[in-house]
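Peer 1: Take a look at the letters that make up each chain.
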Amino acid sequence: MSPQLAIMLALVVPLVGAALIAITGRLHDNLRETVTLITATLLAVIVWSLVPLILDGERPEVTLLQVMPGIDIGFRVEPLGMLFATLASSLWIINSIYSIGYMRGNKEKNQTRFYICFALAITATMGLAFSANLFTLFLFYELLTLSTYPLVAHKGDAGTVKSARVYLGVLLSTSIALLLTAIIWTYHVAGSGDFVLGGILRGLMDPASVGLLLALFVFGVGKAAIMPVHRWLPAAMVAPTPVSALLHAVAVVKAGVFTITKVIVYIFGADYLFSLPQSGWLVYLAAFTIISASLVALRQTNLKRLLAYSTIAQLSYVIMAAAILKPMAEIGAAVHMVAHAFGKITLFFAAGAIYVAAKKTDIAQLRGIGRRMPWTMAAFSIGALSMIGVPPTAGFVSKWYILGGALQAGHYVAIFTIIASTVLNAAYFLPIVYMAWFEKEDTSINTNTSVIKEHGEAPLLMVLALTITAALTIGFFFFNGTVIELEKQIVPRLDSS
Amino acid sequence: MDFAQHLPALQVIVPLLAAPLIVLLQPRGFAWAATTATAFFSFAVSIAIAVRILAGDILRYEMGGWFAPIGIELRVDAFSAIVLLIISGAAAISLIAARNSINQQIEDHRQPLFFAAWLLAIAGLVGMVVTADAFNIFVFMEISSLAGYILIAGGPDRRTLPAVFKYLIIGTIGATFYLIGVGMIYMMTGTLNLEDMAQRVVGIEDQRPILVAAAFVFIGLALKAALFPLHVWLPNAYTHAPHMVTVFLAACGTKVAVYVLLRFQFSIFQSFGEHLLQFALFLMPLALLGIIVASLVAMFEGHLKRMLAFSSVAQIGYILMGASLMSDSGITASTLHMFNHALTKGALFLAVAKFATQYADLRIDSLKSAARSMPLTSFAFVIAGLSLIGVPGTAGFISKWQLIMAIMETGNMGFIMVAIVVISSLIAVGYIWRVIETLYAIPTDDLPDDAADVSVKPEKIDMLLIALIFTVAMNIYFGLVPGLPLTLAELSSKILLKVEF
Amino acid sequence: MKLFEFLGYYNYWVFAILLMIGFYAVIAKANLIKKLIGLSIFQSAVFLMYISMDKVEGGTAPIIKPGVVDQLYSNPLPQVLILTAIVVGVSTLALGLAIVVRIKERYGTIEENEILDAD
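Protein chains in written order, with the numbering used here: chain A, 56 to 552; chain B, 906 to 1406; chain C, 14 to 132.
Just so you know, the hints here were simulated from the structure itself, not pulled from any lab data.
Each hint should be verified, as a subset may be incorrect.
Said to hold, decoys possible - Here's a subset of chain A near chain B, in silico, CB distances under 10 Å, partners left out:
#1 117
#2 120
#3 193
#4 213
#5 219
#6 224
#7 238
#8 539
Stated by the list, open to error - Straight line, CA to CA, 20 Å or less: simulated PhoX-like cross-link-like pairs of lysine-lysine:
#9 B/1273 to A/217
#10 C/68 to B/1071
#11 B/1071 to C/47
Stated by the list, open to error - Non-contacting residues of chain B with respect to chain C, defined by C-beta distances greater than 10 Å in every case (computed):
#12 1051
#13 1081
#14 1205
The C-beta atom is built at its ideal place from N, Cα and C for all residues, glycine as well.
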């Protein structure tokens, strides 16, 4: 299989999958879910087949069509996109397994629509990850927003629709208002929007404009949820848990930080941006987001909302790492995308499993739940440790690199932020873990149900999925060489030395 | 003289001559079939013309063998070709889809007359575009307007009548203003041929009459084009017209006036003193205000058709704003947006017409949960709505891209304009999403019988739905492969700016 | 001299005054028929402008007669144009009146404010 074909297949397979799901959805549920799983597996195989090539330094390209002179829809696989695509396509399999358990266990309606939109969102993610220029990236960025909207609004009642409106409103309006402007500005100045290592804007704009353009990009990519455009993420908590996993771990927010990292590395050029004082504010903004989101998370009583604010903080880790603009930090940004994905998907899977098995959503209800759901809570604890950054979990690896980058740059604000947020993370995650394992089950909290619901573990498929992701979280601590190897290629200095 | 030379004449003559014949076709359905066939022939002719234009030709036709500037000349270049495509395409699609909707809204015995008026409207609109004679433009403008009044007056609601009356008064004033302007230019230059006029205007010493004439022409055409704040006739006329007439007029009605407006301002008055600068300085604030104000009104409008009508006023603002930049890329964007907006608004109004087959009341609130019974129509509305917002992958995005690119070329001042375009896009998100949410709302459970009743009646797959899906597909096609309209638009802007008349 | 020049254009003054009278009637009158009358005056004023512009001092009607050469004659073109424009004007008036009749049938009044109140 030629790499060009593989790229096209990576886009076509989930699209065809969506169509097949639509057809088989009318026939039988099992058939539909088999199609989902087969599509996901096929996609993962295709995407993985590209990895060795990229490791060897190849950069396969496909130009689909020319829209306007100088503006193409084209794809080009580079390490950052490769990592993102591999991550998303692999997690899609696990997420599908989990979805089947969750959707059935919870007896959700409109399941076919759910699986179709999920496949479409993955298509958009693949296009986004492989995009060769800003135009293509924007196309798939919007497609991702639109295809996830029905997922967020899945329940369809008034409250859900209202929250979904916030989701769509923030993402669509920031992208149209700011990101599109930034992209057209880039095309206007540079004559193209191609992703070129080292950037395409060097010397073409005055420094103040570069600062403004960077701001347009950072705030335009609402998916990265940097404050103050983070409101949509807690709002999207109304979605079913597999969707939350899609948003937080597989695709959506990752697409946000991926876009920002890609823009910094390939449009501005990290070196060039580092030479300009006008770009310094980004680290402070990210640091502010990390600290304040962690403080807000500290005060949450709803588990999923707590996880949402934790995500906001973790995303800004990636942005801060990218904005430190030092080689190690850029690698750290990419690695943290993966590490956070593993950790957060585990946490969400656990939250969903608790909801399906016990219908519990509040933190206070979780006392003693570890004894009823040992697998789930074990996975949850691993995820929580990864968020804090305790070895041997994935979170430690990325924090190591980010901290290293911050030290390279001598950026004390960044160093302080990392330390402070680690403390805060521990402060809001450890009590939950403690409560779940070491406290007695509290009967007085369950006011909505007069009798405590007798429950054991969640459905098998769900437990299976969250065990896999928890294993991945730990596994990544030991086997991260390939990822590091891959991402070293985005840093030109390290590449040559 | 090969056959292609006759194309411009055929474009006008065929619908013009077909109109009186249609009146004779009394049996049910015949009038519609003959009209549709004529419209498709017209469309074929304009495609043939576009092909010739893309090959680098300019088609000229001397009526009755009298050479210009004595005789009346028909003249088609790229700018005319793209507008011809818009008109005849809109006519063909709206007519082929019209059957059921028109049967619902127009009584049988009036249909032949109604369709004859429709053909006259087509003839008038294409006539305005192909002719190279200023007075001839007036005559065709009045043919199309009179026919247009008749078409709109076919609406079943009695509120149609005051709306048409208002349109008739304002339209006639606009045409008369245009006539005054042309008269003044004729006084100073002694010619009515546009090309000739453009050459003679340059040498005139006393510039004041020409400036006054330019103002008259501008105001007259701005009235016809519904440039803010001269748009007051448009929302009611669009709202109360028969649904298929709204499709047709919204796609091409005002654009032809914009066409003539740009022809005059650029081709004829371009090299005339400071005129172009004054024109731009006058036009730009109006266009910007129109974009913002009309979008805001659309945001708070409760009736679906009227909301889309106000959105049309805003879109006219986009088109004229591009022109007011006076640059190559600005006029390209503006011409391209004429094409793309015709596609988008055509699709949206087709969806409205389809909704109207099952919902008597077109207020947005009463379309609640329509997606249950009409999933395809609702989905088509979503895609067309995204094109109106300017989401990438749709035609609307291409023109928005071009427009913002053109604004950026103007330098720092442009940021205010970019901001306005962006803000109005956000408002468009607001008003389109309001409809989409209503369409896809979960029915409230307090009226279970009623809800079940609606969901039982499935969406009928008829020509209207097929035309709608086709138009929506075109929105996506031209959003990904905008080569054809883009090339024509680029050629148009070269023609307008360089006076290659 | 100035005054003479001023008055010398009296035909254009008539045009302008008629135009404004017509325009005023269209805007100010609530009665739809009166609006249409105003519209007709408005259009007729323009016809006058065209007709007066073609007049060549000392010229006669532009008719070709055998044996007559170098005869000064008025410009025939505007007359032809205005013939067409009159037809257009008449059609507009007819259509306008037809609409007014229909309005009377459906609303029972032709006063604009009463129509607005009725809806």
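Peer 1: A separate judgement is required for each hint: does it hold in the structure or not?
Peer 2: Going through the hints against the structure:
Evaluation of the residue 117 of chain A hint against chain B yields a violated restraint, the C-beta minimum of about 15 Å exceeding 10 Å. Hint status for residue 120 of chain A: holds, given a least beta-carbon distance of 6 Å to chain B, under 10 Å. Look at residue 193 of chain A: its Cβ gets to within about 5 Å of chain B, closer than 10 Å, so that hint holds up. The closest approach between the C-beta of residue 213 of chain A and any C-beta of chain B is roughly 9 Å, which is under the 10 Å cut-off, so the hint is satisfied.
A distance limit of 10 Å between C-beta atoms decides the matter here; for residue 219 of chain A the minimum to chain B is near 9 Å, and the interface restraint holds. About 7 Å separates the beta-carbon of residue 224 of chain A from the nearest beta-carbon of chain B, less than 10 Å, and the hint is met. Proximity of residue 238 of chain A to chain B holds as hinted, the smallest CB-CB distance being about 9 Å (cut-off 10 Å). For the restraint placing residue 539 of chain A at the interface with chain B, the shortest Cβ-Cβ distance is roughly 34 Å, beyond the 10 Å limit, so the hint is violated.
For the given pair, residue 1273 of chain B sits about 16 Å from residue 217 of chain A by alpha-carbon distance, which is consistent with the 20 Å threshold. Pair hint residue 68 of chain C plus residue 1071 of chain B does not hold up; C-alpha atoms about 36 Å apart against a cutoff of 20 Å. Between residue 1071 of chain B and residue 47 of chain C the alpha-carbon distance is near 14 Å, which keeps this suggested pair within the 20 Å criterion. The Cβ of residue 1051 of chain B sits about 6 Å from the closest Cβ of chain C, inside the 10 Å cut-off, so the non-interface label is violated.
The beta carbon of residue 1081 of chain B is not kept farther than 10 Å from every beta carbon of chain C, the shortest such distance being approximately 6 Å. Chain C leaves residue 1205 of chain B outside its interface by the beta-carbon criterion, the shortest separation being 19 Å against a cut-off of 10 Å.
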